[in-house]
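Now for the letters of each chain:
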Amino acid sequence: MEPTVQQFPPFRVGAAHPAHDDHGQHEHHEPNFWQKYIFSTDHKVIGIQYGFMALCFMLFGFFLMMLMRWQIAHPGVAVPLIGPLLEKILGAPAAGGAISPDLYNSFGAMHGTIMVFLGVVPLAFAAFGNYVVPLMIGAPDMTFPRINMASFHAFFLGGVVMLVSFFIPGGAAQAGWTSYSPLASTIPTNGQAFWLVGMVLLITSSLLGAVNFIATIIQLRAPGMTWMRLPFFVWAQFVTAFILLLAFPPLEAAGVLQLMDNVAHTSFFLPTGLAVGGQLADRSGGGSPLLWQHLFWFLGHPEVYVLILPAMGIVAEVIANNTRKPLWGYKSLVYSALFVGFLSFIVWAHHMYLTGMGQKIATFFQTTTMIISVPSVIILTCMFLSLWGGSIRINTPMLFALGFLPMFGIGGLTGLPLGLAASDLYLHDTYYVIAHFHYVVAPGTIFALFAGVYFWFPKMTGRRMNEFWGRVHFWCSFVFMNLVFMPMFAQGIKGMLRRMSDGAVNYSAARVPNAIDTLPGTVMELNTWILWAAIALGIAQIPFIVNLFWSIGHGDKVENDNPWGATTLDWQTPTPPPHGNFAHEPHVVRGPYEYSAPGHASDFTPQNESAENRNAESEKRKDEAPH
Amino acid sequence: MEIPYTVQNRPDTGIYNAKLGIWLFLASEVMLFGGLFSAYILLRVGAEPGMWPHGWLNVTLGTVNTLLLALSAITTLLAWAACKVRDFTKFKIFHACTILLALTFLGIKSYEYRDKLIHYEIALASGKFADGHLVEKSADFNLAKKTGTVTLHGRIVEDEKELMDLRSPAAQSAKLDEVTIAAADIKKMENYGPKHNTFTAIYFTLTGLHALHILGGTLVIFYFWAFGGAMWKKDPERFTNRIEVSGLFWHFVDLVWIFLFPVLYLT
Chain L
356 MEPTVQQFPP FRVGAAHPAH DDHGQHEHHE PNFWQKYIFS TDHKVIGIQY GFMALCFMLF
416 GFFLMMLMRW QIAHPGVAVP LIGPLLEKIL GAPAAGGAIS PDLYNSFGAM HGTIMVFLGV
476 VPLAFAAFGN YVVPLMIGAP DMTFPRINMA SFHAFFLGGV VMLVSFFIPG GAAQAGWTSY
536 SPLASTIPTN GQAFWLVGMV LLITSSLLGA VNFIATIIQL RAPGMTWMRL PFFVWAQFVT
596 AFILLLAFPP LEAAGVLQLM DNVAHTSFFL PTGLAVGGQL ADRSGGGSPL LWQHLFWFLG
656 HPEVYVLILP AMGIVAEVIA NNTRKPLWGY KSLVYSALFV GFLSFIVWAH HMYLTGMGQK
716 IATFFQTTTM IISVPSVIIL TCMFLSLWGG SIRINTPMLF ALGFLPMFGI GGLTGLPLGL
776 AASDLYLHDT YYVIAHFHYV VAPGTIFALF AGVYFWFPKM TGRRMNEFWG RVHFWCSFVF
836 MNLVFMPMFA QGIKGMLRRM SDGAVNYSAA RVPNAIDTLP GTVMELNTWI LWAAIALGIA
896 QIPFIVNLFW SIGHGDKVEN DNPWGATTLD WQTPTPPPHG NFAHEPHVVR GPYEYSAPGH
956 ASDFTPQNES AENRNAESEK RKDEAPH
Chain X
14 MEIPYTVQNR PDTGIYNAKL GIWLFLASEV MLFGGLFSAY ILLRVGAEPG MWPHGWLNVT
74 LGTVNTLLLA LSAITTLLAW AACKVRDFTK FKIFHACTIL LALTFLGIKS YEYRDKLIHY
134 EIALASGKFA DGHLVEKSAD FNLAKKTGTV TLHGRIVEDE KELMDLRSPA AQSAKLDEVT
194 IAAADIKKME NYGPKHNTFT AIYFTLTGLH ALHILGGTLV IFYFWAFGGA MWKKDPERFT
254 NRIEVSGLFW HFVDLVWIFL FPVLYLT
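Protein chains in written order, with this note's numbering: chain L, 356 to 982; chain X, 14 to 280.
Careful, some of the hints might be misleading.
[To be verified] Covered stretches of chain X (in silico footprint by chain L; criterion: 3 or more residues with CB under 8 Å from a CB of chain L, positions within the stretch not fixed):
| # | segment |
| --- | --- |
| 1 | 16-29 |
| 2 | 36-42 |
| 3 | 46-55 |
| 4 | 58-68 |
| 5 | 197-210 |
| 6 | 214-224 |
No wet-lab data here; the hints were simulated from the structure.
Just so it is clear, the structure is predicted and the values come from calculations on it, not from any experiment.
Even glycine gets a Cβ: it sits at the ideal position worked out from N, Cα and C.
Given only the sequences and the hints, what does the whole structure look like? Please build it.
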């Protein structure tokens, strides 16, 4: 049946204004390639654009990580296979095909930046949010479609600037994804300026996106879609958007100041008497390196929840759908998400215990940090309890969602020692921290994102991804992900420092042999193990990539518009949803998770299913619309 | 496909889309300038005793600029009110005033910037400091080759700290003269640009970012002023909303200046 987009009912007065005629004419033209895929204002196309770019960037960030792991396991040894290529592209920093310490530093900085700002956030927030949120709330599009397009273009430009910085003299930024000053202003490369300009573009992009998301969720909910009928995914995106809206600007401010430091040679973050290379720097001084850290982490910590909340939203949807029962504690989930969003603004200095802050300040931030773990645990507990008594369907999205739960649990619980100053002082600069936050983001968030890809793929394309290869992808990823990150806890506890380009070889050798605090040989051997696990993890992604592209044209066709038997509105649209999304404006009459409601023939009741349209369905009067 | 509530208020939220959008955007702007003002506070609190400048900026010009923006806030409001009563001619007049006031503001701001950029502090080989506005450099003036002379309109002081508080009685009573200095006597010569010290750095950054906002706001208002006629004829209510939304942004930019003025000029 050809989907028809109807005029909305008359109470939406705003829809009927004179500009409408022009627009109506356009709709009859078949848009050309540029209009359809590059300058599209359709939230679904923009969501897919974001998703595609973000997956590419994630793959690129993953390759940077593989190169770093090679260097850690075999310091100074030429990279096999692609070593000569590296030397050809990057020149001196990759002399002889080996990774120099400077190059290692820029790979480290860019791996973090790309994974966080160009990979996970765009995928979790911009891609899934753009595609799914308007569908879930019954809206025809985002509130500001052209701003939405501008948001993607700013993101794209930001990504280009970041990538270009690899090829400038001196190479990309080397001061870590946190770009601490004065290091960031004294390394002799313009890569940092590129990084800052790129970040300003990415922040602009997320600002435009955040305004759009919030306005859409407030303004464009379909009739009957009250706040407590919003699916948890929408709530998660709503809180995320607020975090992005309010936490990113201070980093933008910091970025502008550091750009001034690097370009106009001011001293916002440079202390008096700064010496560079044994020489007193030609700077006025008087700045504060701590100021950068405060401004950075004021974004940096809320950013963690930007990474995790959309993931929790996805997992909630997948779990409710595949346990065939309502989410346990919907209201607790919603209030916890709101509380997490609020608290995330007042925990940032737990990243800064090592700066020698006073006990009183440290106590405040330890307290808030311990408090924020409470709503996080509530969310996770609700999801675990949702499994209880469900008739669980195991499929690829559900496997990834189930994988998320313990992995995020490990990531979260290992964060507690880092939230307490006493234990953090020891652990802070070790691999323990790397293991901790990667458990949160990699097998945590990224698993949830995989769940989302497998889950919404049928809606986007009308076909399912291959189930067998999906399971292969899950089990291999699950095993190798743990083999990569679990050993790092051990390395960190044994005292192996992070950010060392030689994998701690010199550090270990410099210490007294057989003394209690020496890094044992087993710790160093783990570097080799991790390298092989990382390579295996990379190979495990091949089934996913092939499956993703192959299934677009060759996957099993879905039997109907709602192949998972889901209740939320995103599944009550034609497949794939046309421009304008809904054939008829949905009228919401119930909550988001009415699965297995007693007295119903089917085990799910869509949010917009009322007595009338159920009858209409059963009588198959598809040709006659009630309006 | 039409997006609902682009012009009319949504009944249950009582607001139309763009107005909500601009308020959200302004919330984010508050955090942006909040971050910058926090930076100002930390830098000032962390400054060495006696090394934070006072009285470096021209209060008269700052006051004039404050009044200009305050007036432009009024004309912006009146322009919107004119749209509300469907009087396009008045709208044109009021927003013409807004644009002129904004351009005058930017003109004065540029003059102030120029004044700082031709203001030099010269560390002399003798350990003293010459400070003043550039009058002229001799034709063969070259710092690297140590040839020629530079003439400033200002004074020579014993200690750099004397240059910090220009409101102190000593600085107020100091006589300014033309002083000529040979390049050979110069240890370091630097104008009052952003890199001079943390005060000029934050001054240029804060006011520069604010000036960019003024410029952006002026461009948007000018666009509606010059090319808004077509939409006015077709859909006056939508046009009025645009004027309201751009006005909200303009008021915010004015408000930022209301904070910048005392923080930078008066303290």
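Hints not upheld, ascending by number
none
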